[in-house]
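If you read the sequences in order, they're chains A and B.
Counted the way our numbering counts, the first sequence spans residues 1 to 607.
Counted the way our numbering counts, the second sequence spans residues 1 to 362.
No wet-lab data here; the hints were simulated from the structure.
It is possible that some hints are incorrect.
What the hints assert, rightly or not - Distance windows between CB atoms, simulated:
no. : chain 1 : residue 1 : chain 2 : residue 2 : range
1   : B       : Asp-347   : A       : Thr-302   : 23 to 33 Å
2   : A       : Pro-248   : B       : Arg-37    : 34 to 44 Å
3   : B       : Lys-96    : A       : Gly-505   : 31 to 41 Å
4   : B       : Phe-13    : A       : Arg-479   : 28 to 38 Å
5   : B       : Leu-19    : A       : Leu-469   : 28 to 38 Å
6   : B       : Ala-229   : A       : Thr-302   : 32 to 42 Å
7   : B       : Glu-73    : A       : Gly-505   : 48 to 58 Å
8   : A       : Gly-59    : B       : Val-29    : 56 to 66 Å
9   : B       : Lys-96    : A       : Glu-348   : 18 to 28 Å
10  : B       : Glu-73    : A       : Asp-251   : 38 to 48 Å
11  : A       : Tyr-475   : B       : Leu-19    : 14 to 24 Å
12  : B       : Asp-254   : A       : Thr-592   : 57 to 67 Å
13  : A       : Gln-65    : B       : Asp-30    : 49 to 59 Å
Stated by the list, open to error - For lysine to any residue, the following SDA-like pairs were computed, each having C-alpha atoms within a straight-line distance of at most 20 Å:
no. : chain 1 : residue 1 : chain 2 : residue 2
14  : A       : Lys-359   : A       : Leu-322
15  : A       : Lys-397   : B       : Pro-28
16  : A       : Lys-403   : B       : Ala-32
17  : A       : Lys-564   : A       : Asp-515
18  : A       : Lys-359   : B       : Trp-23
19  : B       : Lys-75    : B       : Asp-303
20  : A       : Lys-72    : A       : Thr-62
21  : B       : Lys-116   : A       : Arg-448
22  : B       : Lys-116   : A       : Arg-493
23  : A       : Lys-403   : B       : His-11
24  : A       : Lys-397   : B       : Val-35
25  : A       : Lys-403   : B       : Phe-13
26  : A       : Lys-397   : A       : Tyr-445
27  : B       : Lys-276   : A       : Leu-249
28  : B       : Lys-116   : A       : Gln-491
29  : A       : Lys-397   : A       : Gly-313
30  : B       : Lys-276   : A       : Gln-240
31  : B       : Lys-116   : A       : Phe-224
32  : A       : Lys-564   : A       : Phe-529
33  : A       : Lys-564   : A       : Ser-525
34  : B       : Lys-276   : A       : Val-243
35  : A       : Lys-403   : A       : Tyr-445
36  : A       : Lys-397   : A       : Tyr-323
37  : A       : Lys-591   : A       : Tyr-581
38  : A       : Lys-359   : B       : Leu-10
39  : A       : Lys-359   : B       : Lys-276
40  : B       : Lys-116   : B       : Asp-318
For glycine and all other residues, C-beta sits at the position ideal for the given N, C-alpha and C.
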Amino acid sequence: MIAWDPRRVRQMLGRLALLALTWGATASAKSLTPGEVEGASGPRLNPFECQGRYEAATGNRTMAQVRVELQKKFDQLAETEPASVSAMKYCVIARLKQRLGDSDAGEWFEKAIATDPAEPGYELFFGLYWSMARGARAPVLELAETHLYRALDKLEELRQAGLYRDYHQTVEDWTKKRLLVLYQQDGQPLLPWKAYEQTGAGRLAPGAFASAQLRLSQDTRDFFYNSEMRTFTGEKLFAQSDVRADRPLTDRETWDLARAPLRGQLDTRLRLRHNFIGAVDLLYSAYQSRSGQIESFYMPTTNFVDVNVAHLGAGYERVIPLYPLFDLRLAGNYKRIERSGATEFLPERREQFDSFELKPSFSRFVGSDKITLDLTYVNMNITDLPGGVPEQALREKIIRGGKLEYALYSPLTMPAFPFGSGEPYRAATRGWAFYVGALQDDETYGVRRVVRRDLYAGTRFDSPARWALQLQGTYYQSRTIFVDPNQAAPQERTDTTQNFASARGTAIYQYRLLDPDRTPGIGDSALGFAPDMLNLVIPVHWEAAVEGPTDYENVRGGAELWFKFFQQGIGGTAFLLTVGYDAQYFYNLGKTMHLFNAGLRMGWGDL
Amino acid sequence: MRPDFLMRPLHLFLGFLALGAGWGGCGPVDLAGNVQRAGPIDGPFAVSDYFSQSGFMGDGMLSGFLTASTNEECKARPPQAEGNCYRFSYELGSEKWAGSYFQYPANNWGSQPGRKIEATFQDVSFFIAAEYSVTLPRGKGIGVSCSALADCRPGLDCDAGSCQPARSQPLGEHCLVSGECQGEAQCLAQLCVAAGAGAVGEACALGSDAHCAAGLHCGVENDAYKCLAEGAGDVGATCRTRNDCRAGLYCRDDQCAPKTILGPFNFQVGGIAPTKPGLEYSDPIGVSYFASGDQPQPLVGPDWQQFTIDLGSAGAFDSLIGAFMWAVPFPQIDVMTEPSDYPYLADRSQPVVIYLDGVVFR
């Protein structure tokens with residue numbers, strides 16, 4: 001009995017249509033004489049034949065089977081073939097090698113380009129390789145744009161030679177869309193060369209982009225997604241400690257500590273980009289939380305004060321391919337920070353200090369899968385407490401983190417339960433990632449140090465359909481260590497009254513109401529704005545104590561909408577609009593809080 | 001080593017893991033490295049090097065009434081002052097007094113042991129100065145045109161069309177400048193007192209006009225207090241130094257202002273003891289300046305004044321929680337009797353400013 005799975009039918013029809021398109025185009029190109037094609041002998045081929053053959057060789061196949069298909073493609077190479085045919089075959093090999101994660105895929109793309117140098121489609125596919133397959137947390141932008149701009153150059157040459165075919169319009173649309181996506185995090189182009197609609201002149205021209213992110217929230221957690229349970233519990237334990245109130249907090253005080261101040265943050269960035277250099281950023285940011293900070297832990301809920309933070313800084317980012325080792329993303333910044341409201345007892349005190357941040361990422365294919373290591377190091381040289389005892393005045397905050405992710409991109413055998421018979425089918429997912437990570441935040445107060453550790457593990461499954469699911473468990477631990485200067489040889493000891501730990505379970509369901517991958521080119525626009533993505537995100541969290549007070553255990557759930565659209569009128573800018581609502585219930589306090597967040601981003605950094 | 005070796009998944013995974021672990025090693029320095037002198041203190045020391053100026057008391061317990069700044073906005077420091085200098089700004093609260101302890105560790109009221117001390121100390125010395133604003137009486141000041149006595153402020157006459165010092169206030173009555181006092185008198189902290197015998201060029205201790213003969217004031221010459229002819233500046237006149245102001249006034253924030261005296265102060269070394277259950281540590285000594293001799297509780301003017309607390313009678317001690325404490329009432333509130341016609345009350349809307357410097361154990 002044949003089970004008609006609608007998804008499989010759609011995939012098959014799509015492939016047939018693509019094959020028909022490429023074959024038809026190839027047939028029409030056969031009317032050209034070899035001499036009409038500059039740089040390659042043989043018939044003028046539609047480069048999407050490479051795409052069609054690639055899809056035919058990978059559809060419903062395991063990676064081992066794809067490897068066999070690749071071997072067949074090698075066997076099919078013949079020295080007597082016209083160059084344009086060889087180029088197409090090289091392209092198919094390159095695509096298969098890309099799929100298999102072979103580190104020499106690029107060499108085959110180069111071979112295809114060298115064999116048929118007039119064909120812009122191979123430049124597009126090579127550009128897609130650098131922008132979608134390679135890289136570490138970010139594409140190898142400089143190489144991607146090099147080939148995408150070359151594709152535009154070649155398209156223009158074909159146009160001028162009268163050899164521009166209908167399918168070249170698709171190549172052009174894909175190329176321009178990919179360039180748009182490549183720069184989408186950069187923001188609004190200020191110079192014309194890298195702005196939409198791009199031309200081949202953009203490759204070596206400098207780019208300047210302005211980006212801005214405005215975020216507002218009334219939330220128990222900050223914009224860094226810290227654990228609110230840990231924040232409130234830490235505040236309570238410190239207030240109760242013998243160096244502050246030295247008494248148990250009242251029920252009312254415990255209740256009042258769970259708060260959701262209004263927060264706002266504006267991040268602006270001027271990004272200068274050049275193919276030889278990478279991206280250099282000038283940064284300015286302003287942040288305020290209204291009545292969010294405890295003024296005195298002696299009376300922790302008597303007065304909450306505003307916190308204002310502004311910084312000016314500079315940053316650098318570039319992904320460097322270091323295969324056969326790995327791709328390396330270099331990212332870092334320096335900021336000069338001015339802050340007020342963060343010093344206990346002195347809400348008016350303005351601190352000025354430096355902050356350094358390094359965020360390298362290392363990524364490499366393991367077969368068709370990908371392993372990525374993200375590292376984070378932040379050193380905030382917070383202003384020492386003025387005039388205090390030297391050994392008690394030192395302030396410093398160092399954050400170290402690492403996340404190791406293994407992402408499966410192999411096709412998976414999956415149940416087809418939504419509409420079909422339940423017969424399993426094999427499909428290429430958008431990735432199934434498994435990750436573990438650790439983060440340690442050491443904040444030093446003279447001879448005392450608060451050590452916060454996060455240990456987490458999770459998985460994110462991007463289904464071949466419209467949905468994705470992320471599950472994560474996080475273990476939060478907080479310790480305070482100190483040394484006693486009275487000792488001739490001071491040893492680090494733990495202040496056990498400040499110990500606590502908690503665990504959080506998170507599930508995030510995401511559904512693509514509008515799927516950007518279904519529109520390779522630019523979608524239809526209205527008033528110069530083209531919607532690109534609309535996601536419904538449903539996050540659910542549960543947080544419970546492992547050690548220490550249980551007051552702030554809670555459950556939280558809500559919904560968010562993420563809407564991305566392109567403005568095509570002035571240079572092509574990506575906007576991301578997010579709005580969300582959460583309800584949070586602190587069940588041991590019997591307290592329910594309604595939380596809101598919204599953000600508008602024109603260009604963005606790490607989300 | 002061939003790159004292929006690194007391409008094996010397990011090796012790659014282990015390599016990344018090692019890289020992450022190495023990264024994790026880039027942490028903060030050992031806390032012990034922050035200790036400037038480990039073990040007991042064994043020689044003369046500045047209190048601010050080991051004890052935190054943290055234990056705010058009285059009105060200082062509530063935020064916003066007692067504000068301290070350290071090594072900022074200090075008065076010109078006394079010669080050879082050691083340690084930090086402090087400026088306290090005290091605004092009147094419901095307690096009507098304020099004070100501050102230097103504690104080890106910060107905010108320790110007996111919940112933790114104090115700083116160990118090995119040496120024997122003879123005394124604790126320190127410099128202190130204080131100033132506040134007074135509410136000025138109604139009426140015009142010196143040199144301002146007038147048509148009748150009532151136009152001028154108390155203590156001034158309307159003489160030949162302008163207000164002039166009347167030299168009419170007997171000893172013990174209130175004044176702003178010495179010229180308002182009768183006979184051989186000086187105006188000291190808004191009260192007429194007998195003038196001293198200091199002639200021009202003679203030293204006048206503590207910057208006090210009371211050491212100088214009538215018609216002179218205690219000015220500054222070659223960085224030393226000396227009796228000099230008084231200046232011409234009345235209250236509110238612009239000045240560069242105290243020499244520009246009349247006797248009874250001094251130059252504060254570039255304006256001649258009434259010279260005030262704040263007190264009585266309480267100074268103490270040690271003295272922290274458990275005040276509630278759960279506090280188990282206390283200071284082995286508690287020596288206050290008042291208790292150490294026959295001297296009255298001190299009053300402090302706007303010029304540096306050095307005090308010494310004798311520790312000789314306190315006996316040996318091996319640790320301290322509270323190394324030094326000062327406390328003072330807000331001026332003329334529940335401390336001094338206010339005459340019904342008392343014209344020169346402290347301006348309650350303005351903070352009292354207290355300067356502290358060079359608190360040293362020897």
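Here is what the structure says about each hint:
Distance hint for B/Asp-347 and A/Thr-302: a CB-CB separation of about 28 Å, consistent with the stated range 23 to 33 Å. As the Cβ distance of A/Pro-248 to B/Arg-37 is approximately 36 Å, the hint placing it in 34 to 44 Å holds. In this structure the supplied range 31 to 41 Å is violated for B/Lys-96 paired with A/Gly-505, their Cβ-Cβ distance being about 55 Å. With their beta carbons about 30 Å apart, B/Phe-13 and A/Arg-479 fall inside the hinted range of 28 to 38 Å.
Between B/Leu-19 and A/Leu-469 the Cβ separation comes to about 30 Å, which falls inside the hinted range of 28 to 38 Å. At roughly 55 Å, the beta carbons of B/Ala-229 and A/Thr-302 sit outside the given window of 32 to 42 Å. Under the hint 48 to 58 Å, the C-beta atoms of B/Glu-73 and A/Gly-505, about 52 Å apart, fit the expected range. Remark: the range hint 56 to 66 Å for A/Gly-59 to B/Val-29 is upheld by a beta-carbon distance near 57 Å.
Taken as a hint, the range 18 to 28 Å holds for the pair B/Lys-96 and A/Glu-348, whose Cβ atoms sit roughly 24 Å apart. At roughly 42 Å, the beta-carbon separation of B/Glu-73 and A/Asp-251 lies within the given 38 to 48 Å, and the hint holds. The supplied range of 14 to 24 Å is met by A/Tyr-475 and B/Leu-19, whose beta-carbon atoms lie about 23 Å from each other. As the Cβ distance of B/Asp-254 to A/Thr-592 is approximately 58 Å, the hint placing it in 57 to 67 Å holds.
A hinted range of 49 to 59 Å holds for the C-beta pair A/Gln-65 and B/Asp-30, which are about 56 Å apart. Among the hinted pairs, A/Lys-359 with A/Leu-322 is consistent with the structure: their alpha-carbon atoms are about 17 Å apart, no more than 20 Å. Restraint check for A/Lys-397 and B/Pro-28: satisfied, since their Cα atoms lie roughly 8 Å apart, inside the 20 Å limit. Taking the CA atoms of A/Lys-403 and B/Ala-32, the gap is near 30 Å; set against the 20 Å cutoff, the hint is violated.
The suggested pairing of A/Lys-564 with A/Asp-515 holds, with an alpha-carbon distance near 10 Å, which does not exceed 20 Å. Among the hinted pairs, A/Lys-359 with B/Trp-23 is consistent with the structure: their alpha-carbon atoms are about 11 Å apart, no more than 20 Å. With a C-alpha separation of about 9 Å, the suggested pair B/Lys-75 and B/Asp-303 falls inside the 20 Å cut-off, and the hint holds. A C-alpha spacing of about 15 Å is found between A/Lys-72 and A/Thr-62, which places the hinted pair at or below 20 Å, so the restraint holds.
Between B/Lys-116 and A/Arg-448 the alpha-carbon distance is near 18 Å, which keeps this suggested pair within the 20 Å criterion. Distance check on the hinted pair: B/Lys-116 and A/Arg-493 sit about 18 Å apart at the alpha-carbon level, within 20 Å; holds. The suggested pairing of A/Lys-403 with B/His-11 holds, with an alpha-carbon distance near 17 Å, which does not exceed 20 Å. Distance hint between A/Lys-397 and B/Val-35 is fulfilled; the C-alpha atoms sit about 18 Å from each other, no more than 20 Å.
Between the alpha carbons of A/Lys-403 and B/Phe-13 the distance comes to roughly 12 Å, so the proposed pair stays at or under 20 Å and holds. Proposed proximity of A/Lys-397 and A/Tyr-445 is supported: the alpha carbons are some 9 Å apart, at most 20 Å. For a cut-off of 20 Å, the pair hint linking B/Lys-276 to A/Leu-249 stands: about 16 Å separates their Cα positions. Restraint check: the Cα-Cα separation between B/Lys-116 and A/Gln-491 comes to about 16 Å, which is no more than 20 Å; the hinted pair holds.
For the given pair, A/Lys-397 sits about 18 Å from A/Gly-313 by alpha-carbon distance, which is consistent with the 20 Å threshold. Our distance criterion of 20 Å between C-alpha atoms is met by B/Lys-276 and A/Gln-240, whose separation comes to about 15 Å. With a C-alpha separation of about 42 Å, the suggested pair B/Lys-116 and A/Phe-224 falls outside the 20 Å cut-off, and the hint is violated. Between A/Lys-564 and A/Phe-529 the CA atoms are separated by roughly 10 Å; this keeps the pair inside 20 Å, and the hint holds.
Restraint check for A/Lys-564 and A/Ser-525: satisfied, since their Cα atoms lie roughly 13 Å apart, inside the 20 Å limit. Straight-line distance between C-alpha atoms of B/Lys-276 and A/Val-243 comes to about 14 Å, which keeps the hinted pair within the 20 Å bound. Distance hint between A/Lys-403 and A/Tyr-445 is unfulfilled; the C-alpha atoms sit about 28 Å from each other, more than 20 Å. Annotation: proposed proximity of A/Lys-397 to A/Tyr-323 is violated, straight-line Cα distance about 35 Å (limit 20 Å).
A hinted pair counts as satisfied when its Cα atoms are at most 20 Å apart, and A/Lys-591 with A/Tyr-581 qualifies at roughly 17 Å. Of the supplied pair hints, the one linking A/Lys-359 and B/Leu-10 is violated, its CA atoms being roughly 24 Å apart against a limit of 20 Å. Our distance criterion of 20 Å between C-alpha atoms is broken by A/Lys-359 and B/Lys-276, whose separation comes to about 50 Å. Distance restraint check for B/Lys-116 and B/Asp-318: the Cα-Cα separation of roughly 6 Å lies within the 20 Å cut-off, and the hinted pair is therefore satisfied.
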